[in-house]
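Engineer: Sequence:
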Amino acid sequence: MIVKVGESKQEVLRSGTYDSVSVIANCIAAADNNRLTASDMDMSNINVKVLLKRGRNTEILMNDNLKLLGTFNTILGGFDEFFNGVDIEAPGASTKHRQLRPVTLKFGSHVRVNAGDEIVCEIKVANSGAFGTDIDASDSFIEYYFNSSQGYEAGIPEIVCEVVQANSTKQSFSLGAGVVDIAFLNFDKDGLKDQVINTAQLSSDRYDYGKSFNQLVALKIMNYGKNPAYRFGTSLPVTIANQAIFRALDYYPQSLFLLEGGELDNTKLDISFNGAQVAASQNYVISRRVKSSKEIVAAAVNRANKHTKENYEKLPATL
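Under numbering that gives the first Met the number 0, the first residue of the sequence shown carries the number 0, and numbering increases by one thereafter.
Bear in mind the hints are in silico, worked out from the structure with no lab data behind them.
These figures come from a predicted structure and were not determined experimentally.
Yeah, the Cβ is synthetic: ideal placement off N, Cα and C, and Gly gets one too.
Across the chosen pairs, the derived CB separations fall in these ranges: (1) E312 to M221: 43 to 53 Å; (2) E312 to D135: 51 to 61 Å; (3) D31 to D204: 50 to 60 Å; (4) Q214 to S167: 16 to 26 Å; (5) D135 to A297: 47 to 57 Å.
Whole structure, please, built from the sequences with the hints as guidance.
Structural biologist: Written out as structure tokens, the structure reads:
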């Protein structure tokens with residue numbers, strides 16, 4: 000599905016199993032020999048909404064701007080490609096710079112679309128602001144599609160985003176049950192010196208921790224293998240050997256992953272902030288949760304047993 004500036008489009012699927020939506024910004028420079036940068040797009044002016052309509056109920060799987068959702072989904076990998084882009088054609092004297100900026104927005108669980116169900120993705124690109132003046136907005140566009148998956152629906156996923164109030168020194172987040180992933184997102188700091196978080200305390204039915212800011216940075220760097228290595232300096236390298244001037248910290252270095260791949264109930268996050276560093280609408284706690292029921296789990300078990308039996312019956316008696 001293609002969406003251009005000022006448009007809102009829906010894709011509706013009525014069968015299949017899915018675990019994510021991929022979104023690709025196709026960017027073309029407005030002039031020859033002009034290199035596009037991360038600041039040439041404002042992903043907050045693109046909204047992504049995914050709904051599951053089942054019976055009389057409509058479940059919101061996600062509904063937020065692409066900057067929040069994309070950062071959450073790329074902290075541990077794909078961040079540079081999402082914000083800085085992948086070159087399709089380099090800028091030249093008679094050539095416009097062409098880029099793709101891709102991201103996959105994961106649901107957090109497989110979603111099975113049965114007869115009578117609908118899964119809907121709607122993307123809206125604002126009339127202005129998504130593409131900067133250095134991008135040709137008439138030729139650039141957003142492309143998106145659902146990703147099919149193999150697996151059993153163990154629950155209905157949702158991504159929930161909560162803002163940190165300006166100048167807060169403490170804030171509690173009751174994240175509830177079925178919590179899979181948690182991240183803290185910061186969008187106004189380009190280094191680690193003026194820290195926003197002092198400490199974070201996570202508590203749940205089966206896993207607890209308390210960590211300082213330094214420990215949270217170390218957790219992000221060392222405990223999550225998919226996270227890109229931190230590199231220091233202020234510019235791109237002149238040669239591979241000259242690593243001293245390699246790229247600086249990632250684009251939002253104080254965006255921190257707090258939990259990956261959990262399954263926590265009664266989840267609460269208490270954060271102590273350096274209030275003077277907490278700007279309005281620049282800090283968020285975002286979580287991925289999966290709501291389940293006996294009916295959903297029983298259906299998944301029955302399908303798994305059915306497939307196991309079918310696979311068993313296909314086997315030869317002996318080798």
